[in-house]
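K.L.:
Using the hints, position chain X against chain Z.
Each protein sequence line maps, in turn, to chains Z and X. Quick note on numbering: the first sequence equals residues 0 to 306 in numbering that gives the first Met the number 0. Quick note on numbering: the second sequence equals residues 0 to 308 in numbering that gives the first Met the number 0.
No lab work stands behind these hints, which were simulated from the structure alone. Backbone N, C-alpha and C define an ideal beta-carbon position, used for all residues, glycine too.
Among chain Z residues calculated to face chain X with C-beta under 10 Å, some are:
hint	residue
1	V44
2	V105
3	G110
4	S113
5	Y115
6	L128
7	A142
8	P146
9	A183
10	V184
11	F240
12	V241
13	P256
14	I278
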Amino acid sequence: MSTKRSTLDRLVAPFGVDAETDEWSAVRRERLVAYGLLSVYVFVVWFPIYYIFITSIQPTSEVLSLPVNFLPQQATGQNYVDIFANRPFEAYTLNSVIVATTTTVVCVTLGTLSGYTFSRYNFLGNKALLLSIVGARMIPPIALIVPFFSIMSNPPLIGGFTGSLYDTKIALILTYTFFNLPFAVWIMKNYFDGVPESLDEQAQVDGCSRWEGFFKVVLPVAKPGIAATAILAFIFSWNEFVFALVLTSSEQAQTLPIAVSLFVADDFVDWAHLAAGGIIAALPGILFGLFFQRYIVSGLTQGAVKE
Amino acid sequence: MTQTERSTRRLLDRLFVPLTVGPTLLWIAGIIVYPTAKLFWSSLFWTNPITGAREFVGLRNFERLLLQSGGWLGTFNPEFISYTWHTVVYVGFSVTISFLLGLGIAILLDKDLAGRGWFRTAVIVPWILPYVMSGLMWRWMFQTQYGAINGVLVQSGLIGSKIAFLSDGTLAMMALIIADVWVFTPFIIIILLAGLQNVPEQLYDAAEVDGASRWSRFRNVTYPFLKPSILVALTIRIIFDIRALDLVWVMTQGGPGKSTEVWASWLYRTAQVFAKPGEGAALGVVMLAVTFGIVAVLYKVFGETPYET
Numbered sequence: 000m001s002t003k004r005s006t007l008d009r010l011v012a013p014f015g016v017d018a019e020t021d022e023w024s025a026v027r028r029e030r031l032v033a034y035g036l037l038s039v040y041v042f043v044v045w046f047p048i049y050y051i052f053i054t055s056i057q058p059t060s061e062v063l064s065l066p067v068n069f070l071p072q073q074a075t076g077q078n079y080v081d082i083f084a085n086r087p088f089e090a091y092t093l094n095s096v097i098v099a100t101t102t103t104v105v106c107v108t109l110g111t112l113s114g115y116t117f118s119r120y121n122f123l124g125n126k127a128l129l130l131s132i133v134g135a136r137m138i139p140p141i142a143l144i145v146p147f148f149s150i151m152s153n154p155p156l157i158g159g160f161t162g163s164l165y166d167t168k169i170a171l172i173l174t175y176t177f178f179n180l181p182f183a184v185w186i187m188k189n190y191f192d193g194v195p196e197s198l199d200e201q202a203q204v205d206g207c208s209r210w211e212g213f214f215k216v217v218l219p220v221a222k223p224g225i226a227a228t229a230i231l232a233f234i235f236s237w238n239e240f241v242f243a244l245v246l247t248s249s250e251q252a253q254t255l256p257i258a259v260s261l262f263v264a265d266d267f268v269d270w271a272h273l274a275a276g277g278i279i280a281a282l283p284g285i286l287f288g289l290f291f292q293r294y295i296v297s298g299l300t301q302g303a304v305k306e
Numbered sequence: 000m001t002q003t004e005r006s007t008r009r010l011l012d013r014l015f016v017p018l019t020v021g022p023t024l025l026w027i028a029g030i031i032v033y034p035t036a037k038l039f040w041s042s043l044f045w046t047n048p049i050t051g052a053r054e055f056v057g058l059r060n061f062e063r064l065l066l067q068s069g070g071w072l073g074t075f076n077p078e079f080i081s082y083t084w085h086t087v088v089y090v091g092f093s094v095t096i097s098f099l100l101g102l103g104i105a106i107l108l109d110k111d112l113a114g115r116g117w118f119r120t121a122v123i124v125p126w127i128l129p130y131v132m133s134g135l136m137w138r139w140m141f142q143t144q145y146g147a148i149n150g151v152l153v154q155s156g157l158i159g160s161k162i163a164f165l166s167d168g169t170l171a172m173m174a175l176i177i178a179d180v181w182v183f184t185p186f187i188i189i190i191l192l193a194g195l196q197n198v199p200e201q202l203y204d205a206a207e208v209d210g211a212s213r214w215s216r217f218r219n220v221t222y223p224f225l226k227p228s229i230l231v232a233l234t235i236r237i238i239f240d241i242r243a244l245d246l247v248w249v250m251t252q253g254g255p256g257k258s259t260e261v262w263a264s265w266l267y268r269t270a271q272v273f274a275k276p277g278e279g280a281a282l283g284v285v286m287l288a289v290t291f292g293i294v295a296v297l298y299k300v301f302g303e304t305p306y307e308t
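Chain Z on its own, in the form it takes in the complex (with noise of 0.2 Å):
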């Protein structure tokens, strides 16, 4: 247990400090306050998780039936059982995890390789390279749908091979390692700043060639960082929606969150199958969260506030 005092501690220090059993109850009240506090947030943020989860294990009739209620009456699995057998779910949710898995596996790669070299060496332009690595971030990748629009459906050099990407997986592929390589790269080049250079080093006095002290001796330790980097690099693709929907038209590359959005028809909604879909799509953040939450918060600190 750390004994840093948190800033509220802090700032609330000066009120019955005076003696030690005013100091013990201010603390316990602030304490309870925190709880509280804390507590109604947590329930507001899960609320709507909850109402959508039961909604998904609601037959139909009973979503849509007065009044609201809170507590689902007959629990039931059908709607999971009916989006994959009236819908292709299987195929989009094959989709997804083809499309993010890739993505995160190049990204991961070419972000630890090229994030090393960024952390140690200097060559020609490196600090202007990266600069415009970062800088790439501030894009705005909608104002990009038209040339990606027409880059995919008429592939600059390939296509004469290819033909068009449109509808493919490859067009995702591709998109998304536009969002994610240069995020998984300073995610990277700040982890590896945190590596003691000594490690590398030693690594080439034992007589190890760069390759095999990247390899053998740094990699090893900078596994928490690419575990942060791929997770995060997973979740943006597998949450990815506004390419997936200029980009793709057939469930041969649709992913999950458009399936989702296609149970919405022009004037009706499908609740409790969207439901279901939209649970189905969630999981992956849902489950990410509660058991990586570290590596998360750790990646994200990594790439957004370190300098």
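P.N.:
Structure of chain X alone, referenced to chain Z:
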């Protein structure tokens, strides 16, 4: 080790930098530089929607986008004004509210509470869900007949009759802002919490000895150290909100009427639905310029710290 092995090894070592950085740079050139260049280039063309023929029109797309037709310099396109205003309201309210809320929660989480890790896990989740799922989930929450919000309000007797949240321009904008705050507050919390943990302990003790008030300690001790995190949190939040289409598109599609049409949905509608790639690209260029402008202003305001960190 033979002579050839040794020289191969030396060659590979010499190629370490180009081989590790090269692929990334090539990839980035292909996937970022080329499309960005193409964006500027496409903004100068007009495409005939029927024949698909392209015609060079110079800055005509920008003119059509920003200025009233037949108007002179200074009379803006009313659509542009109205959608810019919606974007400002949407981004302004949701960033401000989520920032203040996120700061409050971050300060609470910075406390040495038992179960702090559990709370942190619980507050992070909304940010990691697909935005589309979150948007549809909130659309369902705000649904007039069977939605949870009307359910709670009516069944608890707070209001007499159900409110059609998404059929009224102002209420629909409010619903979008609520959903946006719900989704993005976790991001603010994570970034500000990391910043709070950088504040050196001794400075608080010193301020306490000097008898500084709560506010003065926040202003003079916490804030200067928090500045870099505030900069990052606000920059990323604002940029993201300007360009994010997901929530708006699935919750309101810019409606009712055009009351929640923002830049992102306008761009999508122009480029895709109305198939005017030239005007869409021109709007993309405007968004790019505005984004970099906002980043520059934020760096100016929050960029310097009085202390060495």
